[in-house]
Amino acid sequence: MKITTGLLAFLSGILILGACNSKQWKETVETTIKLKSNNSHIQFGTQHNLSIDTLTISVNSFSLEGNRIQADDIYLVSDAQYTASQTGEAGTFNATFDIPQGTYESLVLTSELVGQNSFLLRGVYLGPLGVPKRVELNIESDDFMIKPLLENGKETISIDKNTPKTISISIDMNSLMADVGPGLWNASVATGSGGQETIKISEMQNGNMYNAILGRFNESFKCEVD
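The numbering of the sequence shown is the working numbering, which starts it at 184 and goes up by one.
Any given hint could be a false lead.
With a straight-line cut-off of 30 Å between C-alpha atoms, the simulated BS3-like cross-links for lysine-lysine are [stated by the list, open to error]:
1) K348 / K206
2) K344 / K206
3) K405 / K383
4) K217 / K383
5) K344 / K217
6) K383 / K209
7) K209 / K405
8) K405 / K217
9) K405 / K344
10) K348 / K405
11) K330 / K316
12) K219 / K405
13) K383 / K219
14) K316 / K383
15) K206 / K337
16) K348 / K337
17) K209 / K348
18) K217 / K330
19) K316 / K209
20) K348 / K219
21) K344 / K330
22) K330 / K405
23) K348 / K217
24) K337 / K217
25) K219 / K330
26) K316 / K219
27) K383 / K206
28) K405 / K337
29) K344 / K219
30) K206 / K316
These are calculated hints, taken from the structure and not from any lab test.
Model the full assembly from the supplied sequences, consistent with the hints where possible.
As structure tokens, then:
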């Protein structure tokens, strides 16, 4: 009888511990998605440069897929249209994920771009003549950007309610503009008269510049957990 009672107590302890652990991995951590750019001043050769004023990205939805060590894998969707504008260090999408706690071997963020006006950049170009011109870049894309999340070079990502995280979508502007050389700037067509001229870059205007930028669009983005 004593053995039976002890065994029952042992089994009860295991069940309680298992229930506590199960509850722990169901707890979620609210995680915000933000946009940031790592450089706002780009040099093209020695006599051409671009200073970026604002950067806006619009998406139809975000989804997050992850492989978790301690419990079930996750698939989360934040399904609405979101826009982030960066005028300083960072801009924030009004999008959050409630991510279950745990250690993740991988997390992958998918962003569905809206198509028209999905990426807007405004800035000022200064060429060899020293005359400033406004720049408006409008990329239209309805692609899905699929990016693995990284955390300071670690092999795993830890999500813990005591250490809130932020997902940062960052863009390397030097990489994005790497194929837009001085020759393309010299050949660009500006519009406007009387006031400051504007170089508009889109599918319909300055197409060579647009295609050079579009070709590096996806690879210039990365996603990190901060």
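Verification of the supplied hints:
no. : hint        : in the structure
1   : K348 / K206 : 20 Å, holds
2   : K344 / K206 : 13 Å, holds
3   : K405 / K383 : 26 Å, holds
4   : K217 / K383 : 27 Å, holds
5   : K344 / K217 : 19 Å, holds
6   : K383 / K209 : 49 Å, violated
7   : K209 / K405 : 28 Å, holds
8   : K405 / K217 : 12 Å, holds
9   : K405 / K344 : 24 Å, holds
10  : K348 / K405 : 16 Å, holds
11  : K330 / K316 : 34 Å, violated
12  : K219 / K405 : 10 Å, holds
13  : K383 / K219 : 23 Å, holds
14  : K316 / K383 : 10 Å, holds
15  : K206 / K337 : 26 Å, holds
16  : K348 / K337 : 15 Å, holds
17  : K209 / K348 : 17 Å, holds
18  : K217 / K330 : 14 Å, holds
19  : K316 / K209 : 54 Å, violated
20  : K348 / K219 : 15 Å, holds
21  : K344 / K330 : 24 Å, holds
22  : K330 / K405 : 6 Å, holds
23  : K348 / K217 : 11 Å, holds
24  : K337 / K217 : 21 Å, holds
25  : K219 / K330 : 15 Å, holds
26  : K316 / K219 : 24 Å, holds
27  : K383 / K206 : 54 Å, violated
28  : K405 / K337 : 15 Å, holds
29  : K344 / K219 : 24 Å, holds
30  : K206 / K316 : 58 Å, violated
Checked against the numbered hints given earlier, the structure breaks hints 6, 11, 19, 27 and 30 and satisfies all the rest.
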